[in-house]
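Novice: Produce the entire structure from the sequences given, and follow the hints as far as they go.
Chains as they are written, first to last, in the working numbering: chain S, 6 to 353; chain U, 100 to 361; chain H, 25 to 320.
Rather than coming from a laboratory, the hints here were simulated on the basis of the structure. Among the clues, some could well be false.
[Claimed, not checked] Coverage of chain U stretches by chain H, computed from C-beta distances (three or more under 8 Å per stretch; other residues unrestricted):
#1 110-117
#2 183-189
#3 332-343
Beta carbons are placed, not taken as given, at the ideal position from N, Cα and C, and that holds for glycine.
One-letter residues, chain by chain:
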Amino acid sequence: MKKIVRVSVLFLLMLLLAGCSKGDGEKVYVYNWGEYIDEETLELFEKETGIEVVYEEFEQNEDMYPKVQSGAVRYDVICPSDYMIQKMIENDLLAELNYDNIPNIKYIDPAYLKSAEEFDPGNKYSVPYCWGTLGILYNKTKVDEPIDSWGVLFDEKYAGEILMIESVRDGFAIALKYLGYDLNTTSEAELEEAKELLKKQYPLVQGYFVDQVRDKLIGGEAAIGVIYSGEAIYSQRENPDLEYVVPKEGSNVWIDGWVIPKNCRNKENAEAFINFMCRPDIALMNFEYITYSTPNKGAWELIQDEDIKNSPIAFPPQEVLDRCTAYRYLGEEVEQMYIEKWNEVKSE
Amino acid sequence: MVKKFFERFYVALILIFLYAPIAILIILSFNGSKSRAKWGGFTLKWYRELFKNESIMNALYTTLIIAVLSALIATIIGTAAAIAINSMKKTPRTIMIAITNIPMLNADIVTGISLMLLFVALRYTLGFSSVLISHITFNIPYVILSVLPKLKQLNPHTYEAALDLGASPAYAFFKVILPDIFPGVLTGFFLSFTMSLDDFVITHFTKGPEIHTLSTKIYTEVRKGIKPEIYALSTLMFITVLLLLIIINRKNAEKKAPVSRV
Amino acid sequence: MNTENVSNAKTQKLTSHKNGDGIVGIKSAKWLSLPYAVWMIGFIIIPLIVIVYYGLTTVDNRFTLDNISAISSPINLKALLMALEQSLISTIICLLLAYPLAMILSKSRMRSSSFIVMIIILPMWMNFLLRTIAWQNLLERSGIINTVLKFFGLPPMNIINTPKAIILGMVYNFLPFMVLPIYNVLIKIDKDIIDAARDLGANSVQTFLKIILPLSLPGVISGITMVFVPALTTFVISNILGGSKIVLIGNVIEQQFRMGNWHVGSGLSLVLMIFILISMAILSKYDKEGEGSGLW
Chain S
6 MKKIVRVSVL
16 FLLMLLLAGC
26 SKGDGEKVYV
36 YNWGEYIDEE
46 TLELFEKETG
56 IEVVYEEFEQ
66 NEDMYPKVQS
76 GAVRYDVICP
86 SDYMIQKMIE
96 NDLLAELNYD
106 NIPNIKYIDP
116 AYLKSAEEFD
126 PGNKYSVPYC
136 WGTLGILYNK
146 TKVDEPIDSW
156 GVLFDEKYAG
166 EILMIESVRD
176 GFAIALKYLG
186 YDLNTTSEAE
196 LEEAKELLKK
206 QYPLVQGYFV
216 DQVRDKLIGG
226 EAAIGVIYSG
236 EAIYSQRENP
246 DLEYVVPKEG
256 SNVWIDGWVI
266 PKNCRNKENA
276 EAFINFMCRP
286 DIALMNFEYI
296 TYSTPNKGAW
306 ELIQDEDIKN
316 SPIAFPPQEV
326 LDRCTAYRYL
336 GEEVEQMYIE
346 KWNEVKSE
Chain U
100 MVKKFFERFY
110 VALILIFLYA
120 PIAILIILSF
130 NGSKSRAKWG
140 GFTLKWYREL
150 FKNESIMNAL
160 YTTLIIAVLS
170 ALIATIIGTA
180 AAIAINSMKK
190 TPRTIMIAIT
200 NIPMLNADIV
210 TGISLMLLFV
220 ALRYTLGFSS
230 VLISHITFNI
240 PYVILSVLPK
250 LKQLNPHTYE
260 AALDLGASPA
270 YAFFKVILPD
280 IFPGVLTGFF
290 LSFTMSLDDF
300 VITHFTKGPE
310 IHTLSTKIYT
320 EVRKGIKPEI
330 YALSTLMFIT
340 VLLLLIIINR
350 KNAEKKAPVS
360 RV
Chain H
25 MNTENVSNAK
35 TQKLTSHKNG
45 DGIVGIKSAK
55 WLSLPYAVWM
65 IGFIIIPLIV
75 IVYYGLTTVD
85 NRFTLDNISA
95 ISSPINLKAL
105 LMALEQSLIS
115 TIICLLLAYP
125 LAMILSKSRM
135 RSSSFIVMII
145 ILPMWMNFLL
155 RTIAWQNLLE
165 RSGIINTVLK
175 FFGLPPMNII
185 NTPKAIILGM
195 VYNFLPFMVL
205 PIYNVLIKID
215 KDIIDAARDL
225 GANSVQTFLK
235 IILPLSLPGV
245 ISGITMVFVP
255 ALTTFVISNI
265 LGGSKIVLIG
275 NVIEQQFRMG
285 NWHVGSGLSL
295 VLMIFILISM
305 AILSKYDKEG
315 EGSGLW
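Specialist: Next comes the structure, spelled out in structure tokens:
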């Protein structure tokens, strides 16, 4: 018995010592979407700058916001979507960027900077990281009709074969667009109608997911799923039977951007991180790993694979973009209404 | 005879039910394909990659250090408390035991949330130490409840005799009481260690961004697909524990063979 | 690790300690409880007060009952009822599966029985999230069970993302917590009592109903609580096996906290605590009628 005690005390001491040897150097706290970066770029960043990256992930914009707002955890760099950036600006949660520390901004295509001005006038608070559309990924062998409408998601023929997206805004955007309404609607009547439609859809849906949609479609668990365009290229590589489409009724186009919250711990480190992410070779690594469209012109030029470089999924033609709208922040009250109605759908 | 057969059959069925998922996980750790859905041939690749995967090794390290530290501290505080409770009068003793039962009977989610709210209210940064404190909190009751029964079996006169013979209270404690209650203390320690290792909910609510235990790491990966290295790691852990338990059981059986079980 | 001790300690919590005042005569030992007393107040009592405070106030610190009455909204009420229903069903299934098993194990009075108990605890050493994910693999539409069914030409089983899958996950995860307390009580029943009953002419059904069942009631009760409470409050099992389609009260509370509505989340937690307390009160009443507490 005594031996056991002695050994465990020794073991404990070793653990403690090992714990102390980890220095408390410079750090940057990054809060990003799940599966949204090539982790090798983080290691490169650590190696080049000596700043340790503390990396955490969120699944939805709505999960990220309260954490930042409450100050329960203080992050340095966050990657929210357009409408959420707008909300954070309006609620005075973001720090203005010092572009002297982010010279690599010059590699970002001015066209995207311009579209980013819609939610961040003057590009004062955010640097675009990725962008894309919301669409349908389906398995060609499991459907026998051309798919070009959100309607398939409400078709009883596909009961149990549909994967919906677990996201308030995206879920409603689909229903609103299918009904012919604006996806930024603030009308309660229109939302109510959309809610009823989604309620009717509930029994047909296999489940509500975000990151799992991809793997389930690749594995043949379902026929149709709602997904972001960036996942489509990866999915097609893994399973050539899959096809991506932006429905004809129109959809959402989004930009996710790096921002620095006001309560950050170290702004310089945060800016160094953003600058690093804008470097063409790094942006290219991330693009090739996560396959979400990059607004980085420098990175785009470096893409070797012509098919990908001209992929209509990653870089859709203008006619597709013309039928897509960005989300806007609709104010606290309307947002709450969206969330409540979404919960009602799910408690069917 | 038929009855015996049915009994065996029933036990076997339950065991299959309990172990089927574990078999699946072990099989997946040898799966050449990254996807759960496909079998990509037998491989040991994930076992090699596991040791290179820094984030998983870090999570394992955090998990172990929290488990060891929280179990150790809980064992010390809990054993002391058990001795004190044992010598208390009825009313204070009932109160102490009632409070001890709270974290065991309460829902994990409520315990986790209440601790998180406390830390946030105190502006205490959520991180390693908040998780450690929480784990100690839910571990202490297991120690107390393992040690108390052993204390009750104790003969109080030996301790008094030691004092009468001139031993200091501390010396008498370590020489007389501790050896007798040691099995209970050890059980409390291992029980705490296990509980800490397997906890997800309370850690989930009380942790900060810097740290991940294996459970919280796995939870974030549930959504985007579990890395096969995790299967490899848990297979290794499972087999280690299995071997340890078999060895301990063997030794106990050898030692205690003539003594009937209590 | 002595497995019997482990399971004993786990079941211990529900038993009242009948023994009288201080048995071990370390009269000066009371100060030893000081660290624990401080710890208890700091990390058990005060956090509960904090959660009560949050549950009864608004964001700007004014008293309100809205967070509590939030439970009456159709969504939350449904989640609560659903959780109650599923945890009750799982508890009953656990009991029905566990009792015969514990009987068989306790009767096989061979030395290997402690080994068998160990085998039942052992799965708990594989992370419970992973074990639940493994069920996803088994149950999926193109999962392992369906592949086997298909091989034998049987119709597929589509229970993933339905309440059935969640019940299965609960039964799977909590079954050991039902088996062990019952087993622990059964092995302590004096064989002479059973023999006496037999000698006096009772048949095996009578022996079971009149002797074994009443004597094992404390174990059953403690098993029920240990299964019912975690099942009622889980959000992980419903998340993994329910595909976000099934919302239990645990999911609602977790979501409230995730979305930053701490006050509502705390209010709902208080409601949940009331349910836990009620169920425990009912059970402890049964316990007394069953005269079980003396066994420990």
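Novice: Next, verify each hint and record whether it holds.
Specialist: To see whether the hints hold, each was checked on the structure:
1. Counting residues of the stretch 110-117 of chain U whose CB falls under 8 Å from any CB of chain H gives 5; the rule of at least 3 is met.
2. Counting residues of the stretch 183-189 of chain U whose CB lies closer than 8 Å to any CB of chain H gives 7, which reaches the minimum of 3, so the coverage claim holds.
3. Given a C-beta distance limit of less than 8 Å, the hint that chain H covers the stretch 332-343 of chain U holds, as 5 residues qualify and 3 suffice.
The structure fails none of the hints (numbered hints given earlier).
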